[in-house]
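Trainee: Below are the chains, spelled out letter by letter.
Protein chains: 2
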Amino acid sequence: MKQDKNIPYKVYLTEEELPKAWYNVRADMKNKPAPLLNPGTGKPLKAEELSPIFCDELIKQELDDDTAYIEIPQEIRDCYKMFRPSPLVRAYFLEEALGTPAKIYYKFEGNNTSGSHKLNSAMAQAYYAKKQGLKGVTTETGAGQWGTALSMACSFFGLDCKVYMVKVSYEQKPFRREVMRTYGASVTPSPSTETEIGKKILAEFPGTTGSLGCAISEAVEAATKQEGYRYVLGSVLNQVLLHQSIIGLEAKAAFDKLGVKPDIIIGCAGGGSNLGGLISPFMGEKLRGEADYRIIAVEPASCPSLTRGKFAYDFCDTGKVCPLAKMYTLGSGFIPAPNHAGGLRYHGMSSILSQLYHDGYMEATSVCQTDVFKAAEQFARVEGILPAPESSHAIKAAIDEALKCKETGEEKTILFGLTGTGYFDMVAYEKFHNGEMTDYIPTDEELAASLAGLPAVAE
Amino acid sequence: MKQDKNIPYKVYLTEEELPKAWYNVRADMKNKPAPLLNPGTGKPLKAEELSPIFCDELIKQELDDDTAYIEIPQEIRDCYKMFRPSPLVRAYFLEEALGTPAKIYYKFEGNNTSGSHKLNSAMAQAYYAKKQGLKGVTTETGAGQWGTALSMACSFFGLDCKVYMVKVSYEQKPFRREVMRTYGASVTPSPSTETEIGKKILAEFPGTTGSLGCAISEAVEAATKQEGYRYVLGSVLNQVLLHQSIIGLEAKAAFDKLGVKPDIIIGCAGGGSNLGGLISPFMGEKLRGEADYRIIAVEPASCPSLTRGKFAYDFCDTGKVCPLAKMYTLGSGFIPAPNHAGGLRYHGMSSILSQLYHDGYMEATSVCQTDVFKAAEQFARVEGILPAPESSHAIKAAIDEALKCKETGEEKTILFGLTGTGYFDMVAYEKFHNGEMTDYIPTDEELAASLAGLPAVAE
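In order, the protein sequences belong to chains A and B.
By this note's numbering, the letter at position 443 of the first sequence is numbered 443, and the numbering carries on one by one without gaps.
By this note's numbering, the letter at position 41 of the second sequence is numbered 41, and the numbering carries on one by one without gaps.
These are computed hints drawn from the structure, not numbers from a lab.
Just to be clear, a hint being listed does not mean it is correct.
Note that the list lumps identical chains together, so a pair holds whenever it fits in one copy or between two copies.
[What the hints assert, rightly or not] Below, in silico cross-link-like pairs of lysine-lysine (DSSO-like), each with a Cα-Cα straight-line distance of 27 Å or less:
1) Lys-225 with Lys-30
2) Lys-10 with Lys-167
3) Lys-60 with Lys-199
4) Lys-412 with Lys-431
5) Lys-320 with Lys-257
6) Lys-32 with Lys-374
7) Lys-10 with Lys-20
8) Lys-261 with Lys-406
9) Lys-5 with Lys-20
10) Lys-5 with Lys-412
11) Lys-46 with Lys-5
12) Lys-5 with Lys-257
13) Lys-257 with Lys-20
14) Lys-2 with Lys-374
15) Lys-10 with Lys-257
16) Lys-167 with Lys-431
17) Lys-131 with Lys-81
18) Lys-5 with Lys-261
19) Lys-81 with Lys-257
20) Lys-10 with Lys-81
21) Lys-130 with Lys-10
Since the model is a prediction, treat every value here as computed from it, not as a measurement.
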């Protein structure tokens, strides 16, 4: 292995170097993300309107567009030590395999039982729920990473945990359920007959494989109907991006130690939790004019909210019980084709990232899943880690950028987010190995149809 | 979390601090482990007799009882960086949950896609096979960790890899196969009809769920019948314990940094690879009279080679094609009851560990699997990591020792090996959650019957 002087394969921060505050990128945005609207009145939601759904402290964080640094409570910093710091890895073996002059780094968030970065926000949200004296929380999960993360966090803080899991994932990932049960959670495939909205969706679309938007509706209904319960969400929301800023803060601290500055930062984008967290401090520098970075969001061609969606107010859920958010959306009724593997299946995108994209601070690209799995296998064989399909979207884009450098001879420094591992995604890998994996790109007509249902909002 | 001053939750060595040589505990043993015997002649095997089966450099390591430190080639040290150093973790949360004054540490080897410590030896063995110019290697795998590790190593070094997987594990862990395929390996459930010995065993025991001993026979046959192939083994052998000494060396280096000395060292024991590796440098000090440690091997009550086996020469495999090793054995025909979950199902035990145990340098205990899974779940809920059933044997014993400290008030320092994660063991966890897991302890008569077949060897 040809190793750069002074650049180890992996950098771990020490316990003392771990961030003590999250970074709130909204504080540095000139154009703030648009506020959540009450779907009934069309007016910006106030804290008191959100309090039947969310924990009080999390509402505060959700609505705070001004405080740049928010202290991480000691209890959360303590449990972060269970799985943080995560390593910043120099992909020497991948560089060698590609024959590229580019220097590739990845921030690996998969070294924990949830298998992803989701635990960063789960621990925070469970802590605040417990601190408020709640009995439990409800949530939805797509690929299962968020549900697992929340189960772990609830077990750690002693909260009841009820998870609605998108049916196609529930069926493709039977062992995810057992992991969640190990941590004491209950798991229901969505849509279910446990909720009114689930029954309604099942009646309207019999045989549906489910969607995140639909599972959200069920989880919200379940939370608001039970005393002492609140709903928590693993992506999209401002609070989640705040918690996930720990990824970028650690990455930046590690880069600073090495005296390295990335040129390109790449993350996969579903609801935006990983990408938003990874880029936060770098984006902050860019917004303040202190540095420039190329920032690239990578989404599945089968669920292309940034690249083919509309920047508009939309419901956050299929059942239309949640607030309206201004975001790049494919329409709240959009459900990715059943051949779509893994996560990144949300119809919308974080309002923060949507605004930043709209304002030209980042790029977006979409990739087909067979190409994604090719990149995943190539990566696994040289770097050892078997990546999650979600993360592999970022791998694919990073490889493409590194190959461009090979053509031009440029020695660019690329950072990508390796959000997690694919150990519970082996059904999808099996399809890929057997040549049974297909791609699906929605037609313009399909997207137009699903966008036709956008709510009318006077802005 | 109550944290000791100067003792972080996790210690990672830096790249410069990583061991540059393996430690060969045999060099410090007064009574060397007995040599492997040729099953035909009953005489100690010479290097040339082993060379149709094993790689040349590995034979050298296998037979070397004298060299205390053997340099780790740079290429292996490079690929170790992919998944090493592994963290030494202070189990603060477990201590708190138990209310024990004991200080519990674990060395966690599961942060890699093979999910265990097995990759330490796989990388070494694949490297030496490649260096010898071989085309490929064959092996057996029980729980699947070794097979996965070897697949990863072979993919890394560009070798063909053929894995015979104990049938019960093959069926309980379908996704393991896909992981191995991701790395380009082929996987066959054992016993199979691909080999003569497999056919023979199937004829004799139709419907058998397989055993490690039987899969070894098949893998050896497959290697010796193909030009350019050799057989590699993930446990039991001296060379494997040598490679695994990296675990103990890193643990000891981390302890030295902290200024801490463990009182009790605990490891699970199947063939002995993890236990032997973990304890090596500590055992060295003990053998040289420089320090004293209580060292405890923990084995399943359903496969109790140390606690209920006989110290004698026996075949290493069910098919009786392999050399004879002197070890604690249950008889090469012993197959654990089908309700036995996970690995630790080998009928024998590393000759090194057998000799050390025989000479009184370590203790052994056995535990029932329902208790093991209880300990696993307890551990997962407070420390976050969902452990492998194998590793959970050590967790169970560590918890028991910590609870003894609670009774006596002693502040003992306990180190245990957390060899891996249980992400591919969810069928077993599901049984446990559903209350369907049972225990099985072989009767004295059963063990006597299986020991009756020991080969007659004039020592």
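Trainee: Please go over all the hints and tell whether each is borne out by the structure.
Mentor: Against the structure, the hints come out as follows:
Taking the shortest alpha-carbon separations for Lys-225 and Lys-30, neither the intra-copy value of 39 Å nor the inter-copy value of 71 Å comes in at or below 27 Å. For a Cα distance limit of 27 Å, the shortest separation of Lys-10 from Lys-167 qualifies neither inside one copy, at 38 Å, nor across copies, at 38 Å. For a Cα distance limit of 27 Å, the shortest separation of Lys-60 from Lys-199 qualifies neither inside one copy, at 33 Å, nor across copies, at 68 Å. For the identical chains of this complex, Lys-412 and Lys-431 are neighbours neither inside a copy (35 Å) nor across copies (51 Å), given an alpha-carbon limit of 27 Å.
With identical chains, the CA atoms of Lys-320 and Lys-257 are never at most 27 Å apart, being 47 Å at best within one copy and 57 Å at best between copies. For the identical chains of this complex, Lys-32 and Lys-374 are neighbours neither inside a copy (38 Å) nor across copies (50 Å), given an alpha-carbon limit of 27 Å. For the homomeric pair Lys-10 and Lys-20, the shortest alpha-carbon distances inside one copy (22 Å) and between copies (17 Å) are both at most 27 Å. Taking the shortest alpha-carbon separations for Lys-261 and Lys-406, only the intra-copy value of 20 Å comes in at or below 27 Å, while the best inter-copy value is 51 Å.
Only between protomers do Lys-5 and Lys-20 lie at most 27 Å apart by alpha-carbon distance; the minimum there is 18 Å, versus 30 Å within a single protomer. Proximity of Lys-5 and Lys-412 under a CA criterion of 27 Å is satisfied intra-copy only: 17 Å inside one chain copy versus 42 Å between copies. Neither within a single protomer nor between protomers do Lys-46 and Lys-5 lie at most 27 Å apart by alpha-carbon distance, with minima of 54 Å and 44 Å respectively. Proximity of Lys-5 and Lys-257 under a CA criterion of 27 Å is satisfied in both settings, with 14 Å inside one chain copy and 25 Å between copies.
Taking the closest pair of Cα atoms, Lys-257 and Lys-20 come within 27 Å of each other both inside a single copy (17 Å) and across two copies (25 Å). In this homomeric assembly, Lys-2 and Lys-374 come within 27 Å of each other (Cα to Cα) only inside a single copy, at 25 Å, whereas the closest approach across copies is 46 Å. Proximity of Lys-10 and Lys-257 under a CA criterion of 27 Å is satisfied in both settings, with 12 Å inside one chain copy and 20 Å between copies. Within a single copy, Lys-167 and Lys-431 get their C-alpha atoms as close as 18 Å, and across copies as close as 23 Å, so both meet the 27 Å cut-off.
Taking the shortest alpha-carbon separations for Lys-131 and Lys-81, only the intra-copy value of 20 Å comes in at or below 27 Å, while the best inter-copy value is 40 Å. For the homomeric pair Lys-5 and Lys-261, the shortest alpha-carbon distance inside one copy (16 Å) is at most 27 Å, but the shortest distance between copies (34 Å) is not. For a Cα distance limit of 27 Å, the shortest separation of Lys-81 from Lys-257 qualifies both inside one copy, at 20 Å, and across copies, at 19 Å. Within a single copy, Lys-10 and Lys-81 get their C-alpha atoms as close as 18 Å, and across copies as close as 8 Å, so both meet the 27 Å cut-off.
Taking the shortest alpha-carbon separations for Lys-130 and Lys-10, only the inter-copy value of 26 Å comes in at or below 27 Å, while the best intra-copy value is 35 Å.
Violated hints, listed in ascending order, are 1, 2, 3, 4, 5, 6, 11; each of the other numbered hints is respected by the structure.
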